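Using the sequences and the hints, build the whole thing.
Protein chains: 2
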Amino acid sequence: MSGRLTSRDIRSESRLVVVRSLLAAGESTRGELAEATGLSLGTVSTIVQDLLKHGIVAETGLLSTGIGRPTTGLRLNADRGRVVGVYVEDRYLEATVFDAALGELATVEATSDESVAEADEVIDWIVRTLDTVLERAQAKREDVFGIGILLPGGMQRPVKAATTPDAIWLHLDRLRDTLGLPVVVDNPLKAIATAELWLGAGRRVANVVAVSLGFGVGAGIIQNGAVVRGATNAAGEWGHSLLVFDGRRCQCERKGCVEAYVGIPGIRRTLAEIAPGHPLAEGVDLVAAPAEGPEGFDLVAALADAAKDGDRAAVATIERSAHYLGAALADIVAILNPEVIALKGWAGWPVWRERVAPIVRRRVLDDSPGDAAADLAIELSPTCGMEGIAAIALERFMRDLGLVTTRVIPAL
Amino acid sequence: MSGRLTSRDIRSESRLVVVRSLLAAGESTRGELAEATGLSLGTVSTIVQDLLKHGIVAETGLLSTGIGRPTTGLRLNADRGRVVGVYVEDRYLEATVFDAALGELATVEATSDESVAEADEVIDWIVRTLDTVLERAQAKREDVFGIGILLPGGMQRPVKAATTPDAIWLHLDRLRDTLGLPVVVDNPLKAIATAELWLGAGRRVANVVAVSLGFGVGAGIIQNGAVVRGATNAAGEWGHSLLVFDGRRCQCERKGCVEAYVGIPGIRRTLAEIAPGHPLAEGVDLVAAPAEGPEGFDLVAALADAAKDGDRAAVATIERSAHYLGAALADIVAILNPEVIALKGWAGWPVWRERVAPIVRRRVLDDSPGDAAADLAIELSPTCGMEGIAAIALERFMRDLGLVTTRVIPAL
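Chains G and B, in that order, are what the protein sequence lines are.
Counted from 1, the first sequence has number 359 at position 345 by our numbering; the numbering is strictly sequential.
Counted from 1, the second sequence has number 32 at position 18 by our numbering; the numbering is strictly sequential.
Fair warning: there could be bad hints in the mix.
Simulated DEER-style distance windows between Cβ atoms [claimed, not checked]:
| hint | chain 1 | residue 1 | chain 2 | residue 2 | range |
| --- | --- | --- | --- | --- | --- |
| 1 | G | Ser54 | B | Asp312 | 54 to 64 Å |
| 2 | B | Gly362 | G | Arg376 | 37 to 47 Å |
| 3 | G | Glu333 | B | Glu287 | 24 to 34 Å |
| 4 | B | Leu415 | G | Ser54 | 14 to 24 Å |
| 5 | B | Glu267 | G | Glu287 | 23 to 33 Å |
| 6 | B | Gly362 | G | Asp260 | 19 to 29 Å |
| 7 | G | Glu287 | B | Glu287 | 39 to 49 Å |
| 8 | B | Ser59 | G | Pro396 | 45 to 55 Å |
| 9 | G | Glu123 | B | Arg367 | 49 to 59 Å |
| 10 | G | Lys154 | B | Ser59 | 46 to 56 Å |
| 11 | G | Pro396 | B | Arg190 | 37 to 47 Å |
| 12 | B | Ser59 | G | Gly56 | 18 to 28 Å |
| 13 | B | Asp319 | G | Asp260 | 23 to 33 Å |
Quick look at which bits of chain B chain G covers, simulated, 3 or more residues with Cβ under 8 Å [to be verified]:
| hint | stretch |
| --- | --- |
| 14 | 238-248 |
| 15 | 400-412 |
Simulated crosslink set (EDC-like; lysine to aspartate or glutamate; CA at most 16 Å straight-line) [what the hints assert, rightly or not]:
| hint | chain 1 | residue 1 | chain 2 | residue 2 |
| --- | --- | --- | --- | --- |
| 16 | G | Lys269 | B | Asp380 |
| 17 | B | Lys269 | G | Asp380 |
| 18 | G | Lys67 | G | Asp414 |
Derived by calculation from the structure, the hints in this document are not laboratory data.
Just so you know, these numbers come straight off a predicted model, no measurement behind them.
Think of the CB as a built atom: it goes at the ideal place given N, C-alpha and C, for glycine as much as any other residue.
Shown next, in the form of structure tokens:
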């Protein structure tokens, strides 16, 4: 199907625009919403009526706007229910409870000494952790109108990664049956794009790329004010685009991927190339793909500390990583020409503001064609993937209420 | 402004969808259009009424659809007027006249021995060529409702290229005054994307990347059924994304761009690397950026002939170029996850079907993450940029008639 817009899609999109606008404002009036969204006052009033009817929006009493008589204030109805975001790896699970206005209520992290990859185990682990986090949020299962699970990959199968319990993809129906709750599974890159659209730079501009920098790296893309998902929900795998032709072996088994240079194991490998005997580079195999390992943000922290203490190899590693990142971001700018690049993960580390930011900015400006980077803002993202998957679950809930068409939610 | 959709935008988008659907069908009925677009019969009838009123659509008499009573046939009204596409370089100018149903009527090519870069000269050249091509199409200036000019670059300034008469950007108002006709200028990548949306793979699927392969290279991107333009209309500069970190010097003066490998001068440079003394590689400077020069499709033809005659260096060059292209396309697949990649330019050469296609396909499949390339079609594009700029000028005309909102036409 090509990009057909029916009038139902239009209503659906307008409702989402009003909900997002209300979330951004906190409290607002129909008139302010009309001004903020560009919709007519009549359209906004109709939409608000629908949203009030389904309890998504609540009235807050009379607001004085300074001019004319007071009008009724509106906000998202936080007490409409609870939504839970879940992030799961084979030894790590995190669950966060939000209210229906995406306010965070409680988070639980769980780790396992052994790999949890069998369907039964994964499902059981999720159910137990969910009960714990709900208790902490003083919520009951019946309050939950949606559970969103973050899982890498497209619609059919995940990106090859050692940390993915594929079992969820294969046994999603069982998970739904076990929980007796609506479950939506989506790709973390779509979640960070959605978070950026609802809560970040997507509030101000129409074209944003949110860049995740951790063990793995990827991009959440917003174009024309909408999340870019692609044919099979697999868009945004910038981490597996090419930085160096026939370059380093990536954990995805291809060569020269961006991730092999700016993912955390890649940074450690850069250190090993610069200073082969460096204590922080111990055990790095310069030939093989990076093994799974304890190469989390503690490496970023240790490198930052070493750089502060005058360790020249650490400084050189940070700066070379900044050059790699800048070059890889320039590719995004060349292809997508966004107003804003919103960086996440290790870019938020203190060392970033000192050493990485200026190099990245210069490299992006130098490497981007034409005027593509002229007015580009490179900033730190204020959002997280958990907020995004919660927003996706809220969209799904609105769909189940008949307020939103399926068209906007291709996630499972 | 974030992605606000007003009801006016919706009507506008629906009208364009109906026009495109009618163009695809040739002749159609209201009922068939409703089926093809997913719009309600009522909406289609209202839209058709508006389009009939403004002469964009004409009735063709009664059509028998086989069931029930005959209904009125509809088609785009080719005689509504003429639209002209213009492509201009500093020594080459091409102008094509289309009818209002985008049927090609006449083309004129003009060359100049000397560089034509001064505003006066460029404008004069365009005006003379326009009169010639209109005469050949048996049309008058007053028949012309739009002129579309293809020019590289974003909204503020062009991509740095030796072949761009920047004068047009700087003196667009003078050109409009001189011609006394509506002139729209847009980037060739937006034109090939628009052509693909109106006349190519964009009719079948929502996410397409049209890849232009000539002296320069670039991508026209369709996502969610809409042309991706980016913040400053500069999206799609895939040719200036990175293929080889710190690699070959590109004519844009950066290093390692895709264009430096799969643009025609890049192919010639690959030949010079493989066989330094090869007659077809004469004069290639392996250090400097490629000079402007006679490196057009004649090189592609000569290499194809040489390969046919068993020239191993020519075969190796073609195959290595295919590897470069495949790797660079895999980046597009990783980031954008399209259903279709539509190739243009040298990919359409006979040698392509023999040697390049299988290597590119294998490399894209091998290099794309997850399932992003699983159902990907790589095909030859049936459209050209001239059709695209004519379609953009037609959109602009519909805007001037009040049928389409400005939102969809950020082009100048």
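- Hints the structure fails to honour: Violated hints: 7, 15; rest satisfied.
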